[in-house]
Amino acid sequence: MTGFLQNTFNGLVSGAFYALLALGLAVIFGMLRVVNFAHGAFYMLGAFGAYVLLTEAGVPFWAALVIMPLGLALLGMALERAFIHRLTRLDPLYNFLLTFGLTLILQDLVKLRYGVQSSPYETPSALSGSVDFGLFDFPTYRVFILGFAVAVCVGVWWALTRTRVGMVVRASTERPELTRAFGINVGRWVTPVFGFGIGLAGLAGVLAAPMRAVNPLMGADLIIVVFAVVVIGGLGSIFGSVAAGFGIGLVQAWGEAYLSAFPIVSQTIVFIVMAVVLLWRPAGLFGREEAPA
Amino acid sequence: MSMRRTVGVAAASAAAMMVVAGCGGGGPQSGGDEKLTGGKIVLGVLNDQSGAYSELSGKNSVKAVEMAIADFKAKHGDKAVAKDITVETADHQNKPDVANSKAQEMYDRQGADIILDVPTSSAALRVADVAKAKKKLYFNIGAATTDLTGKSCNKYTFHYAYDTYMLANGTGKTTTEQVGKNWYILYPNYAFGQDMEKSFSTAITAAGGKVVGKDGAPFPNTSGDFSTFLLKAPTLNPKPDVLGTMQAGAELVNVVKQYNEFKLRDKGVGLAVGLMFITDIHSLTPAALAGTTYTDAWYWNFDQQNREFADRFQKETGTRPSFAHAANYSAAMQYLEAVQAAGTDDADTVVKELEGKEVNDVFLRNGKIRAEDHRVIHDAYLAQVKPQSEVTEPWDYVKILKTIPAAEAFRTPSPDCKL
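Protein sequence lines correspond, in order, to chains A and G. Sequence positions in the first sequence follow UniProt numbering and run 1 to 293. Sequence positions in the second sequence follow UniProt numbering and run 1 to 419.
Next up, chain A with everything else stripped away, as it sits in the complex (with noise of 0.2 Å):
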């Protein structure tokens, strides 16, 4: 039963990393419809950064948390509307060539300057010990991103739903030619709305420094899963994402916990749970079908 829990939370800690990539995805996705390739990239650009930021200029982790997200959504919002933004009306695939292109960009930049090994990041102290919940402790710092996390999801929920911006933009994301019918600019929050998407995989990043091997290519590595989510979640949904994040966590610590005597099985769990999801349901679990455009 210990065991069980240790892996359940587990699971929502990885998850986590998921829900908050995903959520970026989703809403540019949703937006833009762009599938950002770069996304990856931008996560690894957010645990490099907060790296940098200490070795170079001392600056600690909890600031690294405000400042990283802010740098990345302006850079975001400047690539948007230095590049993206010329494509959007040509096929979908110039826009998944061009991010694709960035990120090989971003990470050889990256690995030109600091290499291929990992750079060591520390835990902030304050987060380094454990909590005890009786029938296990638990690392703090996990905890804490979990709580993070979960926070940061319901903020967005709040905002989207809540707010007259975050009406606005769900609407156009979710119906831009209608949502245009009424009169609303729909174009005025495509920047934003791109920028606040790389913010959130900036963030994911500088969560990840102290518990992940920072390296220029940390991202590659998870964004695959990271698009396997927004699939799972179905695409463009804002709702589907997050879920499929923290699921696809839980699925990957329950696999790898009970289903180690079949290893092919817990190496593609993921893989197998999209092909199933989509034979069943082609749009995602939270997803629509769009008529052909």
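Please note: incorrect hints may appear among the correct ones.
What the hints assert, rightly or not - To give a feel for the contact side, a few chain G residues facing chain A, derived at Cβ under 8 Å:
#1 G216
#2 Q258
#3 D346
These aren't lab readings, by the way, just hints derived from the structure by calculation. The structure displayed is predicted, hence computed values, not measured ones. Note that the Cβ used here is the ideal one computed from N, Cα and C, for glycine as well.
Starting from the known structure of chain A, arrange chain G on it as the hints suggest.
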């Protein structure tokens, strides 16, 4: 729009971009009846120059080979067998297919007399096949598989620095004797990890220890999370004294970070690492690894001779050498010395010169190039990461607990190997 179609097409285009054109063409260099093919000696360094293993070997191994050439020329002066010794180099990206085509290109078109390094076992084995087919020399340094001197051995392939047996025997045996008898083994579930797990289990059992649990973690582990396994370790019965991790590179970093997060050392579970390079310790910091034991093929600050080499290497590259760098230097040097002694770069003659030779240099201590299976044996070292308080200069992260004599460090020639 169809998302799945888009992703599919994009993935296909991406794959197409990554394909390396392995064009053939270009016949073998005309040899004539000179002593040296093409009138010169060409050393090819084929390794990972952009990926996970590019720092522990990579371009700095090319520098090490250049240092060996300079030293060889300085030593032999006018009597050197060749005035013209050059280095060709290529990035195999750790992909067996790329390694295969690049190796052919090196031997055929760039006139390489020998290929050096080639990390990643699957790639290393493909290059061994090329060497055999082309009848050209190949010194493997970067790969760990014992198959290079086992069922896949051949007349032209030599295995230079280390292998899974050396790592398992050194760390598994000594840690069992000195730290604790009960082990939990965590390995990446692919060829290298499975090999390592088997070798470790054998060595641990032989030393009177017991493997109380073992798990193959997904490889690559896309979630980056090893907590399921790390949490399991202290709950096993009997409780393991040692967690043996066979992960490498970034995955090793993840395991160690999470090992510390879950405070396993405080719970009485020590840490032993299957394969670790000085560059890994540098990136994890010695504080994260203090007390960890592993087997090292060579350590830069072991004695004065190593240190002098390390100082020169640092002048060239700005960093201290890993054992792979030192082994590349030594391999290039021993090859050139063998050509010097043979008076020709004809592969069969050089192989005869090398077989059974006893060598001592900066990398090889009590070294011997075994004729039976072409395993190059030498002293290995059991190393332990120092606590932060004992680290007095950058890169000096370990103390050597024990020198493992060459004859014990490596396995006896395998009956599977028929040269």
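Okay, the hints, checked on the actual structure:
The beta carbon of G216/G is positioned within 8 Å of a beta carbon in chain A (closest approach about 5 Å), and the interface hint is therefore held. Because the smallest distance between the Cβ of Q258/G and any Cβ of chain A comes to about 7 Å, under 8 Å, the interface hint for this residue holds. Because the smallest distance between the Cβ of D346/G and any Cβ of chain A comes to about 39 Å, over 8 Å, the interface hint for this residue is violated.
In the structure shown, a violation is registered for the earlier hint numbered 3 alone.
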